[in-house]
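Participant: Using the sequences plus the hints, can you model the full thing?
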Amino acid sequence: MAILASRFCKVALAALGTLAALAVLGLAGCSPAPPEEGAKPKPKVEPTGPHASLLRLFPNVGDVSDWKAQGDARVYGPVANPAEGVEAVEADLPAGAATLKGYGYAKSATRKYARGQAETVTLRVFEMKVPQDAFGVFSVSASGTTFPNIGLAARMSTNTLWLVKGSYVATVDYSGTMDPTPVLMDFGRWVADQVSSAGYRPAILDNFPLKSLEGERYYLHAFATLAMLPFVPRGDAQAMARALALSPDTEMAVMGYQSSRPGAPNYLFLVRYPTEADAQAAYKMYVESYLAQSTYPPEQNIAVAPPVQSYLAGTFNAEENSLSDQLAKLLAALGG
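In this text, residue positions in the sequence shown follow the numbering used here: the first is 73, and each later residue adds one.
Hints may contain errors.
To be verified - Think about it this way: if two alpha-carbon atoms lie no more than 25 Å apart in a straight line, the pair counts; the simulated PhoX-like pairs of lysine-lysine are:
1. LYS184 - LYS173
2. LYS201 - LYS173
3. LYS173 - LYS140
4. LYS356 - LYS283
What the hints assert, rightly or not - Simulated restraints on C-beta separations:
5. ASN132 - ALA167: 43 to 51 Å
6. ALA400 - GLU360: 19 to 27 Å
7. GLN266 - GLU391: 45 to 53 Å
8. LEU406 - LYS283: 44 to 52 Å
9. SER269 - THR230: 47 to 55 Å
10. ASN231 - LYS140: 25 to 33 Å
11. ASP251 - ALA311: 43 to 51 Å
12. THR192 - ALA270: 36 to 44 Å
13. ASP144 - ASP397: 21 to 29 Å
14. SER394 - GLY188: 55 to 63 Å
Hints listed in this document are in silico derivations from the structure and should not be mistaken for laboratory results.
Cβ coordinates follow ideal geometry from the N, Cα and C atoms, glycine included.
Facilitator: Shown next as structure tokens:
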């Protein structure tokens, strides 16, 4: 009888219109056929096109608990490219665009997610041309006092998580009334898991003494980025920029160390120039000309050693450095 009823249901559906078929099925006690046993879930649709490598780092429905994307991701780049659906990065981050452009910034994307009516997440992923520049953007931009074990490095404030892995930097911003930490960690781990390359810290950092302070390790190329760091003395920013002659071909690293004054680390800096001649020229301009003539009190506390090969090393806090002389350890690592 069950077989005859099933056949009747199929015939009714094929022969009658929708409403009539539903009426017949109800009268006959028919129900929709159950799904086939062993049916596989629909495969995940992978992004395609010129931005596929970036867009695959954004979760879809079900990837991060019960969060749902609110529209498609928007793609940004150094300049707008309407033909490829790319907007200028200034449209997304008016204040942060200059920092990105101080590194090898390739492109980025932003997507919003929601859970219920009162919680939202904004996920941004930045693709850099090389892993060391991804670390650089992270080093000068991330903030917070918590350092989760995600990716190559991560840093978290109350409502924002920064992480770096491979050539990518990601930020997760939470808005809502629930505990933000599990949300930030879930999104951060998911993004990090999609990046196969661990990435690496710039080799210039390996020259510094051990036991630098967490969150006080910076890597950059442009003077504009250096000038963002609040602890850098700059009595005459334009003259200082000319003297140091930083460019895309230079690497600069800064690390902070515990000092005798709480909240006032001893900051060491190291600049690698393309050639020894460039390092010698920068020393003469910055030390023998600029600093020698500066009347700005904080700049009187800067000490710079003569160049070692193509490196220029110094401290922004000579008084504090004199207590444990971290600069001497840095010079020793350089062979000076």
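Participant: For ASP251 and ALA311, compare the CB-CB distance with the range 43 to 51 Å and indicate the outcome.
Facilitator: Cβ of ASP251 to Cβ of ALA311: about 49 Å, so the range 43 to 51 Å holds.
Participant: With 21 to 29 Å as the target window, see if ASP144 and ASP397 comply at their CB atoms.
Facilitator: 55 Å, violated
Participant: I want to verify a distance hint. Is the separation of the beta carbons of SER394 and GLY188 within 55 to 63 Å?
Facilitator: 57 Å, holds
Participant: Holds or violated: 25 to 33 Å for the Cβ distance of ASN231 and LYS140?
Facilitator: 20 Å, violated
Participant: When you take the CB atoms of THR192 and ALA270, is the distance between them in 36 to 44 Å?
Facilitator: For THR192 and ALA270 the Cβ distance comes to about 30 Å; the hint is violated.
Participant: Would the hint linking LYS184 and LYS173 be met if the CA-CA limit is 25 Å?
Facilitator: Holds - the C-alpha atoms of LYS173 and LYS184 are around 24 Å apart, at most 25 Å.
Participant: Does LYS140 sit within 25 Å of LYS173, going by the straight-line distance between their CA atoms?
Facilitator: Distance of about 31 Å is beyond 25 Å: violated.
Participant: Within a Cα-Cα threshold of 25 Å, do LYS356 and LYS283 meet the stated pairing?
Facilitator: Status violated; Cα separation ~31 Å.
Participant: Given the hint of 47 to 55 Å, is the C-beta distance from SER269 to THR230 inside that range or not?
Facilitator: 30 Å, violated
Participant: Should the hint that LEU406 and LYS283 are 44 to 52 Å apart at their CB atoms be regarded as holding?
Facilitator: 18 Å, violated
Participant: State, for the Cβ atoms of ALA400 and GLU360, whether the hinted interval 19 to 27 Å holds or is violated.
Facilitator: The hinted range 19 to 27 Å holds for ALA400 and GLU360, with Cβ atoms some 21 Å apart.
Participant: Mind checking the alpha carbons of LYS201 and LYS173 for me, to see if they're no more than 25 Å apart?
Facilitator: Roughly 11 Å between the alpha carbons, so the hint for LYS201 and LYS173 holds.
Hint violations for this structure: numbers 3, 4, 5, 8, 9, 10, 12 and 13, all remaining hints satisfied.
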